[in-house]
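Quick note on numbering: the working numbering labels position 111 of the sequence shown as 138, and the sequence is numbered without any gaps.
Simulated from the structure, these hints should not be mistaken for laboratory data. Hints may contain errors.
As the list claims (entries may be wrong) - With a cut-off of at most 27 Å between alpha-carbon atoms, the simulated BS3-like pairs for lysine-lysine come out as follows:
#	residue 1	residue 2
1	Lys160	Lys102
2	Lys163	Lys61
3	Lys62	Lys147
4	Lys93	Lys160
5	Lys62	Lys93
6	Lys61	Lys160
7	Lys147	Lys163
8	Lys102	Lys147
9	Lys61	Lys93
10	Lys163	Lys112
11	Lys62	Lys154
12	Lys102	Lys157
13	Lys62	Lys163
14	Lys61	Lys157
15	Lys102	Lys163
16	Lys112	Lys160
17	Lys93	Lys163
18	Lys62	Lys157
19	Lys160	Lys147
What the hints assert, rightly or not - The following label-pair restraints were derived from C-beta to C-beta distances:
#	residue 1	residue 2	range
20	Gln132	Lys61	16 to 26 Å
21	Asp184	Ala145	25 to 35 Å
22	Ala88	Gly155	12 to 22 Å
23	Ala145	Ser89	39 to 49 Å
24	Glu152	Pro97	19 to 29 Å
25	Ala143	Leu90	34 to 44 Å
26	Ser38	Gly78	30 to 40 Å
27	Asp184	Asn52	32 to 42 Å
28	Asn52	Ala172	19 to 29 Å
In this text, a Cβ means the ideal position worked out from N, Cα and C, and glycines have one as well.
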Amino acid sequence: MLNLSSSGGNSNFLRFSPQANAWTNSEGGEVEIKKVVFDIDNVVTGWLLLGGGRSIKQKDASLGRKGAQPTPEHKRGFEVTFYNKEIGTASWSSNGVGPNMGLEQLYTACAAEREANAGKLPVVEYKGSKMEKIGKGTTRIPQFAIVNWIDRPAGMDAPVEAEEYVAPAPAAAPWPSAAQAAAAKPAARAVAPAEDEMF
Numbered sequence: 028m029l030n031l032s033s034s035g036g037n038s039n040f041l042r043f044s045p046q047a048n049a050w051t052n053s054e055g056g057e058v059e060i061k062k063v064v065f066d067i068d069n070v071v072t073g074w075l076l077l078g079g080g081r082s083i084k085q086k087d088a089s090l091g092r093k094g095a096q097p098t099p100e101h102k103r104g105f106e107v108t109f110y111n112k113e114i115g116t117a118s119w120s121s122n123g124v125g126p127n128m129g130l131e132q133l134y135t136a137c138a139a140e141r142e143a144n145a146g147k148l149p150v151v152e153y154k155g156s157k158m159e160k161i162g163k164g165t166t167r168i169p170q171f172a173i174v175n176w177i178d179r180p181a182g183m184d185a186p187v188e189a190e191e192y193v194a195p196a197p198a199a200a201p202w203p204s205a206a207q208a209a210a211a212k213p214a215a216r217a218v219a220p221a222e223d224e225m226f
């Protein structure tokens, strides 16, 4: 469907490494991907040349419509956007066989449910990776499951460079007397955010 087989801008990015079976972010740190909103409306396919700090893309004229290969080093690949409040809006791109296969499976599954969820975006959960033999080698294919469809979160379109406003800390209160401390009620325990607050 996406024509990602090689045969025949976002500063916040994610990478999936089949060799390490891990996700990393733009700072090089390993991250855990849980549930994310998948921006199926803005998937980009094309020819990618990754490595050495470079990410040279030649986008397809339309999704999956393969143009001429610029150089033998360029491989079929993609760029998509994931979002949740923990990672923010992040770009995932790759030209690797395993990630290409994983994205192809994810897109196909979401496309099958898209008409019934018009105007919404899928929430998908990363379920680990599956090892598969490809030719003479092996790769890992990231696996995703669709868990929900939601309206596009407002935070998804916030500029990546924007920083949240943090109010200045209030002036420190004086220490309470022993009598005041004894009379004080125990503080309420913090409540963990609900899952739907991830978006």
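We went through each hint and held it up to the structure:
| no. | hint | verdict |
| --- | --- | --- |
| 1 | Lys160 - Lys102 | holds, 19 Å |
| 2 | Lys163 - Lys61 | violated, 31 Å |
| 3 | Lys62 - Lys147 | holds, 16 Å |
| 4 | Lys93 - Lys160 | holds, 25 Å |
| 5 | Lys62 - Lys93 | violated, 31 Å |
| 6 | Lys61 - Lys160 | holds, 26 Å |
| 7 | Lys147 - Lys163 | violated, 41 Å |
| 8 | Lys102 - Lys147 | violated, 31 Å |
| 9 | Lys61 - Lys93 | violated, 31 Å |
| 10 | Lys163 - Lys112 | violated, 40 Å |
| 11 | Lys62 - Lys154 | holds, 10 Å |
| 12 | Lys102 - Lys157 | holds, 22 Å |
| 13 | Lys62 - Lys163 | violated, 33 Å |
| 14 | Lys61 - Lys157 | holds, 16 Å |
| 15 | Lys102 - Lys163 | holds, 18 Å |
| 16 | Lys112 - Lys160 | violated, 35 Å |
| 17 | Lys93 - Lys163 | holds, 26 Å |
| 18 | Lys62 - Lys157 | holds, 18 Å |
| 19 | Lys160 - Lys147 | violated, 35 Å |
| 20 | Gln132 - Lys61: 16 to 26 Å | holds, 19 Å |
| 21 | Asp184 - Ala145: 25 to 35 Å | violated, 19 Å |
| 22 | Ala88 - Gly155: 12 to 22 Å | violated, 35 Å |
| 23 | Ala145 - Ser89: 39 to 49 Å | violated, 20 Å |
| 24 | Glu152 - Pro97: 19 to 29 Å | violated, 35 Å |
| 25 | Ala143 - Leu90: 34 to 44 Å | violated, 20 Å |
| 26 | Ser38 - Gly78: 30 to 40 Å | violated, 18 Å |
| 27 | Asp184 - Asn52: 32 to 42 Å | violated, 20 Å |
| 28 | Asn52 - Ala172: 19 to 29 Å | holds, 22 Å |
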